[in-house]
Amino acid sequence: MFRFAGYVLKSLWRHRGRTMLTASGSAVALFVFCFVGAVQQGLEQLTKNRQSERTLIVFQENRFCPASSKLPEDYARVVGKLPGVKDVVPIKVFTNNCRASLDVIVFNGMPPDKLRSARELTLLSGSWGEFDGRTDAALVGQAVAQRRNLKAGQKFTIGEVTVSVVGTFRSAVPAEENFIYTHLDFLQRAKGKNAVGTITQLEVLLTDAANPDELASTIDAEFRNGPVATTTRTKGVFQTDTLADLAELIGFAHWLGYACVGLVLALVATTTVMAVQDRIQEHAILQTIGLRPGRIFRLVVAESVLQSMAGGLLGIGAGMLLLAWGGFAVGAEGVTIAFRPSLQLAIIGAMVSAVVGILAGIAPGWQAARTEIVQALRQA
Amino acid sequence: MALIEIRNLTKQFRKGEETITPLREVDLDIERGDFVSLMGASGSGKSTLLNALAGIDKPTGGRIIVNGVDITRLSRGKLADWRAANIGYIFQMHNLIPVLSAYENVELPLLLLPFSAAERRKRVELALDAVDLRDRADHYPRQLSGGQEQRVGIARAIVANPTIIVGDEPTGDLDASTTEQILDLVERLNTELGMTLLLVTHDPKVAAIAGRQLRLEQGKLLEKGREVAIVTADLEERSA
Chain A
1 MFRFAGYVLK
11 SLWRHRGRTM
21 LTASGSAVAL
31 FVFCFVGAVQ
41 QGLEQLTKNR
51 QSERTLIVFQ
61 ENRFCPASSK
71 LPEDYARVVG
81 KLPGVKDVVP
91 IKVFTNNCRA
101 SLDVIVFNGM
111 PPDKLRSARE
121 LTLLSGSWGE
131 FDGRTDAALV
141 GQAVAQRRNL
151 KAGQKFTIGE
161 VTVSVVGTFR
171 SAVPAEENFI
181 YTHLDFLQRA
191 KGKNAVGTIT
201 QLEVLLTDAA
211 NPDELASTID
221 AEFRNGPVAT
231 TTRTKGVFQT
241 DTLADLAELI
251 GFAHWLGYAC
261 VGLVLALVAT
271 TTVMAVQDRI
281 QEHAILQTIG
291 LRPGRIFRLV
301 VAESVLQSMA
311 GGLLGIGAGM
321 LLLAWGGFAV
331 GAEGVTIAFR
341 PSLQLAIIGA
351 MVSAVVGILA
361 GIAPGWQAAR
371 TEIVQALRQA
Chain B
1 MALIEIRNLT
11 KQFRKGEETI
21 TPLREVDLDI
31 ERGDFVSLMG
41 ASGSGKSTLL
51 NALAGIDKPT
61 GGRIIVNGVD
71 ITRLSRGKLA
81 DWRAANIGYI
91 FQMHNLIPVL
101 SAYENVELPL
111 LLLPFSAAER
121 RKRVELALDA
131 VDLRDRADHY
141 PRQLSGGQEQ
151 RVGIARAIVA
161 NPTIIVGDEP
171 TGDLDASTTE
181 QILDLVERLN
191 TELGMTLLLV
201 THDPKVAAIA
211 GRQLRLEQGK
221 LLEKGREVAI
231 VTADLEERSA
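In order, the protein sequences belong to chains A and B.
Heads up: the first sequence is residues 1 to 380, going by the numbering used here.
Heads up: the second sequence is residues 1 to 240, going by the numbering used here.
Hints listed in this document are in silico derivations from the structure and should not be mistaken for laboratory results.
We treat Cβ as the ideally placed atom computed from N, Cα and C, and that holds for glycine.
One or more of the hints may lead you astray.
Pair ranges (Cβ atoms, derived) [as the list claims (entries may be wrong)]:
id : chain 1 : residue 1 : chain 2 : residue 2 : range
1  : B       : S116      : A       : K48       : 22 to 32 Å
2  : A       : R3        : B       : S75       : 39 to 49 Å
3  : B       : N67       : A       : I280      : 28 to 38 Å
Below are the SDA-like pairs computed for lysine to any residue, each with C-alpha atoms no more than 20 Å apart in a straight line [stated by the list, open to error]:
id : chain 1 : residue 1 : chain 2 : residue 2
4  : B       : K122      : A       : G17
5  : A       : K10       : A       : V374
6  : B       : K15       : A       : R378
7  : B       : K58       : A       : R3
8  : B       : K15       : A       : Q375
9  : B       : K58       : A       : V273
10 : B       : K15       : A       : A376
11 : B       : K58       : A       : Q375
12 : B       : K58       : A       : K10
13 : A       : K10       : B       : R142
Work out the full structure, taking the sequences as your base and the hints as a guide.
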């Protein structure tokens, strides 16, 4: 088969305009496919990881936007005493936009020691010492830093909150990279946000033995008659509920990914059919020389796969680069979904390209292989 | 035993309501090293006979036995393998692959056979030398004249040293001077290399260079004005 690689490549090059247009179409489709895939993966990573299942979020009852949830900070002490609770992290959330947005900025104010223990952050610039030493210090997730071009040493203002960027970080959870972490008391005292003693939510870390659902019920029962009633859910459920509308849209968007695959299939198949019809006589000559029908079939399928994969790999590569450098995220009500590139996504994309190429080549390959030699030669 | 034994070869096809029989129970023996020309009016069946012998057209009935192999019984795949090893086909319209250079066109049949790259190179160079086109090896068909294209086609037909070389009007598309060059070349293939040739032509001058001149008339094969007669005594056992 490889002995005919030169023939296959030259045949594609002969109609390079057509080949390139087809490859471009395949590239655009696979680019979209990867982008949609990245959004889906981001949502899955956010809602289905272990941390999401072993962590509870205590939020004010019947509240959705972080701006409207105001829990007494003292609740942390009460929850911390419950059996099955490993640690409690009080969090003040401030966001510039509660609605769905592609450039949402979310501040999470946390006690510095809790930030270090509860989050798996790797500092890319700056130091924990600088963060501890300044009350207005902020550690910026690399996705936000890329998007907003933020660097250590800069001041950054959103609404009434101005922070000093002391470092940037990478996180094991991609969505975290869309957050800006500050000191809890700073965010509570920020100009116009004087909310000392109140927090947005409690993040409750559970022991391995704890039952999340039972503990959530216990917490809500504890505060049912308190100053502020609560709704407690696992972090995964909390994020799914918060992003319910977006999740529905993302679920719909995955059909867009399939539509792109269908588009490539139709495009590559059309081009390959045209290429075969242009070369009926050529395939007859090859058969006369002694190429088996099966080999002719494989040559046509190889052409189809090459076109599909050349464009597909280009689209996947462009998609991965853009996802890596763009720091894209969509967020709503303080929860964000990060669109990150992944090897898994690249492999799936490449496999989809290959399978589409094979499928697109089957019918034209069959047509070429079944060419009646004498009839085709008479077409000269 | 002849190299090629054709027995009761019949070919029929339908054209609308009409059934056409270009070959009707044709018998023919061709010995190794024979140079046979086949003439006949348009539609007489000469190309049909040639194509059946080359294994690119299936007869309706009868047998073609080449070197003891009944090719009418081979599957499409096996027939392709047989063609790769046994047939060199010279087309009327040159029929080179346009995206491949002269060298690559000549090399094509060798890619199907178990030759090393070095052996392929040696054979292609010899074939191009034989048609005096070594210096055009890197040229593409569009960069060659009609005569040069046909010589590349001949080089491609002989490169694998096939059992039989068949040509369907190989000079039909060429001017008089180029025709002469090609005929000279074809004649040398037979006299110097001892190749077995069957040429279909409508040109008596072309037919005249062949050692045996056959004519197809009304589905019957004539040699020197008489129908070709074959003794078929032991054929049944040999082809079984």
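Structure versus earlier hints, numbers of those that do not hold, lowest first
1, 2, 4, 5, 7, 9, 12
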